[in-house]
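Chemist: Numbering (this note's numbering), first residue to last: 857 to 997.
In short, the hints are calculated from the structure, not lab data.
Misleading hints may appear alongside valid ones.
DEER-style ranges, computed between Cβ atoms [as the list claims (entries may be wrong)]:
| id | residue 1 | residue 2 | range |
| --- | --- | --- | --- |
| 1 | R980 | A926 | 34 to 42 Å |
| 2 | K991 | W889 | 29 to 37 Å |
| 3 | E968 | L885 | 32 to 40 Å |
| 4 | D956 | A918 | 36 to 44 Å |
| 5 | G891 | R935 | 13 to 21 Å |
| 6 | N983 | G891 | 29 to 37 Å |
| 7 | E901 | S932 | 17 to 25 Å |
| 8 | E901 | E976 | 13 to 21 Å |
| 9 | E968 | L898 | 16 to 24 Å |
| 10 | S955 | D921 | 19 to 27 Å |
Think of the CB as a built atom: it goes at the ideal place given N, C-alpha and C, for glycine as much as any other residue.
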Amino acid sequence: MASRRKARILAFQALYAWDASGVSAADLLTFSWLGDEKFASLDDELKTFAGLIVSGALENMAEVDKSIAAHLEHWSFERLKRVDVAILRMAVYSILYQSDIPAQITIDEAIEIAKEYGAEDSYRFINGVLDAIWKGRATNA
């Protein structure tokens, strides 16, 4: 079975590429931005799971971003680092729309991705935002 963490990393990278360079949704979902060699090394299950996250996040971007913005304290959405935004979008989409995946797993994965790709304290910030979204969702459910 493909590593879901690798798929989440791929989804985060795709969402970052979309935000940073305006890569089209079609190119994101075919992962053409990866290059042929890297793309060929990915198994189908990984590409499928990453594609679900990317397409879902893009289709529900307004709701995902609204949820992120609603849980920012002393920050505006526009001030967030693009890496953090991409990680948050990937995770918030999963929390809001992939009910078959436990939110805590999604949050833990996002924290690990932030530790690897984000700034020094990004993981703390991301943990706080995602935890607030998850608790708010659980309260409203």
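Chemist: Taking the hints in turn, state whether each one holds.
Modeler: Cross-check of the supplied hints:
Between R980 and A926 the Cβ separation comes to about 19 Å, which falls outside the hinted range of 34 to 42 Å. Remark: the range hint 29 to 37 Å for K991 to W889 is upheld by a beta-carbon distance near 35 Å. Taking the beta carbon of each, E968 and L885 are about 24 Å apart, not inside 32 to 40 Å as hinted. Here the CB-CB span from D956 to A918 is close to 23 Å, at odds with the stated 36 to 44 Å.
Between G891 and R935 the CB atoms are about 32 Å apart, so this pair departs from the stated range of 13 to 21 Å. A hinted range of 29 to 37 Å for the beta carbons of N983 and G891 is consistent with their spacing of about 32 Å. For the pair E901 and S932, the beta carbons lie near 38 Å from each other, so the given range of 17 to 25 Å is not met. The hint said 13 to 21 Å for the Cβ distance between E901 and E976, and at roughly 33 Å that hint is violated.
As the Cβ distance of E968 to L898 is approximately 19 Å, the hint placing it in 16 to 24 Å holds. Our hint of 19 to 27 Å for S955 and D921 holds, since their Cβ atoms are close to 20 Å apart.
In this structure, the hints that do not hold are numbers 1, 3, 4, 5, 7, 8, in rising order.
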